[in-house]
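Chemist: Going line by line, the protein sequences match chains Y and P.
Per our numbering, the first sequence starts with residue 1, numbered consecutively.
Per our numbering, the second sequence starts with residue 1001, numbered consecutively.
Derived from the structure by calculation, the hints contain no laboratory data.
Quick caveat, the model's predicted, so the values are computed rather than measured.
Take these hints with a grain of salt, some might be off.
Within a straight-line C-alpha distance of at most 30 angstroms, the following computed DSS-like cross-link-like pairs (lysine-lysine) qualify [as the list claims (entries may be wrong)]:
1) Y:Lys127 x Y:Lys16
2) Y:Lys43 x Y:Lys166
3) P:Lys1053 x P:Lys1458
4) P:Lys1277 x Y:Lys166
5) P:Lys1277 x P:Lys1347
6) Y:Lys164 x P:Lys1111
7) P:Lys1458 x Y:Lys16
8) Y:Lys43 x Y:Lys16
9) Y:Lys43 x Y:Lys107
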Amino acid sequence: MSTNVHSEYIDRDTGKMGMWLFLFTELYLFGGLFIVYAVMRSKYSADFHLAALELNTMIGTINTVVLLVSSMTVAMSLTAIQRNQAGLAMGLVFVTLLLAGIFIVNKYFEWGHEISLQLYPGTEVMKTLPHGGIIFYSLYYMMTGLHVLHVIIGGVILTIVLFKLKSGTINREHFLLHENGALYWHLVDLIWIFLFPLLYLIS
Amino acid sequence: MNDQTITPQNYLNHQTGLWSWLTSTDHKRIGLLYLYSFLVFFSTAAILGLLMKIEKIAPGQTIMTAQTYNALFTIHGIIMIFVIVIPGMAVVFGNFFLPIMIGAKDVAFPKLNLFSWYIYITGAFLGLYSQFAYGHSPDAGWTFYVPYSSSAESNMTIALTAAVVLGFSSILTGMNFIVTIHRMRAPGMTYFRMPLFVWSLYATAWIQLLATPIIGITLIMVIAERTFHIGFFDPALGGDPLLYQHLFWTYSHPAVYVMILPAMGVVTEIFPTFSQKPVFGYTAIAFSSLAIALVGYFVWGHHMFTSGMSYESRLAFSLLTFIVAIPSAIKVFNWLSTMYGGSIDLKTPLLYAVSFIFLFTIGGFTGLLQGALAANVQVHHTDFIVAHFHYIIFGGMGFGFFAGIHYWFPKIYGRMYNETWANIAWGFAFVGFNLLYFPMFIMGMQGMPRRYYDFDPKFATGHLISSIGAFILIAGLILIFSNLIYHSRRGAIASANPWHGVTLEWQIPSPPPHENFDEIPVITRGPYVFDNPYTK
């Protein structure tokens, strides 16, 4: 049992502040990849241009829309629980999870297509690419891979939120986990908003 | 054992058994978990250091091959830097005393705090495992410079993973401390009534939070490079090794301040107590901690003056390096002024604190010398650097740690160590330390490269003195540890406030009760007011 807090629940502002600080560190984590992307792009701009043309902009666009909508539904679910509409909140969290699933399935087909073309680090096809192309695809897998990992973690958090909504542990008075889960989910969305133009659109 | 006069109910006997320690969310117990982990890992790495000094006792091969020597300095560095001094005093004394000093019952997220320790211990064992696992021990140096780290056929991947895992623990601790300081202060505990150790922890926590993710992702990229031969950093694959060095030092230079700031905070507590005088220039010390944290972000380039960098950037980094020395100098000035005119009581903690100033000043000045462009070229990659950072890290952080553990020992265990024994141990450590590292300044100036297992016979005398110093230092460490360990159970019972300190931790019983305070105190004055009834 936690011994410090004067009640059973962690104070809302305290918990939210911790989450915000953690989200900053997440931005820095991706920031390192963005720096490498910037340096390598200026060094191999022609190679990056050609390699980016191979990516499927359609799937990228669909996934952008999917994540944006999911960000909206998770925000709506938080408002719903604050208005004491637990059923609606559960429904909206469920929709968010569904959209997360769609995102991952899309990603699976996209990666599957690229892998079937032998476009992944270590293959013979990759070795025939110019060096900038190799870097582009490696960064592509690292950035989207790290992002998908965050989608999965966010999905797990929201699943826990769903069960706690059901059991009533998250309710009108105590919705810190729900709020932090939503914040995390917005971060997942936000990072994608940067990844999408960097990888798919600038070509 | 004589338990009659010890506080009947305290955090040590609140619950008993190993399991109660491994599942405790009490910040004091977590602090001690870190302390005991340090004892194990520090001893291991110190023995590796001693083995290196034995190898260098005479020219030629003495007890190990060049490859073994490479592995030893790598794993010595990885353990000492990532497992000991980066988490350092923040996790031991910070965990134990931060909540008490601001009048809180615990940190903001106690469960997360325990989780951080488990992440830490996982990373620490991974680090050790990389040394003893099947295959070659890591041999690329603790800086993981590419292309050594990306192409070496040793267990580098495990060592890199260890550093990433330890970084994650660091981030969570930093976040926990920032929120604790913002949200958990007792009524009346305004920011400028906080003890200065808390200010130094605050600055440290921000660095941990904002610098560590960069090293995490950088080392993950090196792991990817090793696995898939991508070519982010390795020049043989078309990568950019300088990019790696920039990313590495943007974390690892601020990390130096993660190591030293809490040590500065500890001695800032010790000087007023043993001079019975308010600290001189409270605000200046508080802001100098923040200034170090801020400017410390912009000096990383001075590690790379000889790696290839434009003349203009070298000038800028050189200037910034000189600027970052100013807040440290402000602190030294204020510590000395605190003692000036005070009623000085030269007990063991103050002895360590004063030698901290002495060693830290030597380390600091030799650091400035490397910030100067011309001198840097002369001493770069020599023993001079090794001596410099050991004066800062061991002389600063290490002696600061010993100052802290001797200062707070009666509070932590409710018992007193043997002071004569402690002072003799200090003598061994201080003399041994200087004998060990000072000759390295001279040899480095004369051109002795670092990380060589063999040397020109003209350096024989210097290395011999240095190796003798290593033995004396190890003897000192054994004396320190045995004194403390023995008396943690059998020492004389200590009073609640043996040093007549005035900060909050001295106003509660020794050892502290389970939740620190029966009632959350209401603070009505600054931290260093020495006219209160407790000191009379």
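Chemist: Look at each hint and say if it fits the structure.
Modeler: Hint check:
Under the criterion of a C-alpha separation no larger than 30 angstroms, the hint pairing Y:Lys127 with Y:Lys16 is inconsistent with the structure, at around 47 angstroms. Taken as a hint, the Y:Lys43 and Y:Lys166 pair is broken in the structure, with Cα atoms around 53 angstroms apart against an allowance of 30 angstroms. For the given pair, P:Lys1053 sits about 17 angstroms from P:Lys1458 by alpha-carbon distance, which is consistent with the 30 angstroms threshold. Using a Cα cut-off of 30 angstroms, the hinted pair P:Lys1277 and Y:Lys166 is violated, with the two alpha carbons roughly 59 angstroms apart.
The straight-line distance between the Cα atoms of P:Lys1277 and P:Lys1347 is roughly 16 angstroms, inside the 30 angstroms bound, and the hint therefore holds. Taken as a hint, the Y:Lys164 and P:Lys1111 pair is honoured in the structure, with Cα atoms around 19 angstroms apart against an allowance of 30 angstroms. As the CA atoms of P:Lys1458 and Y:Lys16 are separated by approximately 62 angstroms, the hinted pair breaks the 30 angstroms bound. Taking the CA atoms of Y:Lys43 and Y:Lys16, the gap is near 41 angstroms; set against the 30 angstroms cutoff, the hint is violated.
For the hint linking Y:Lys43 to Y:Lys107, the alpha-carbon distance of about 28 angstroms falls within 30 angstroms, and the restraint holds.
The earlier numbered hints that this structure contradicts are 1, 2, 4, 7 and 8.
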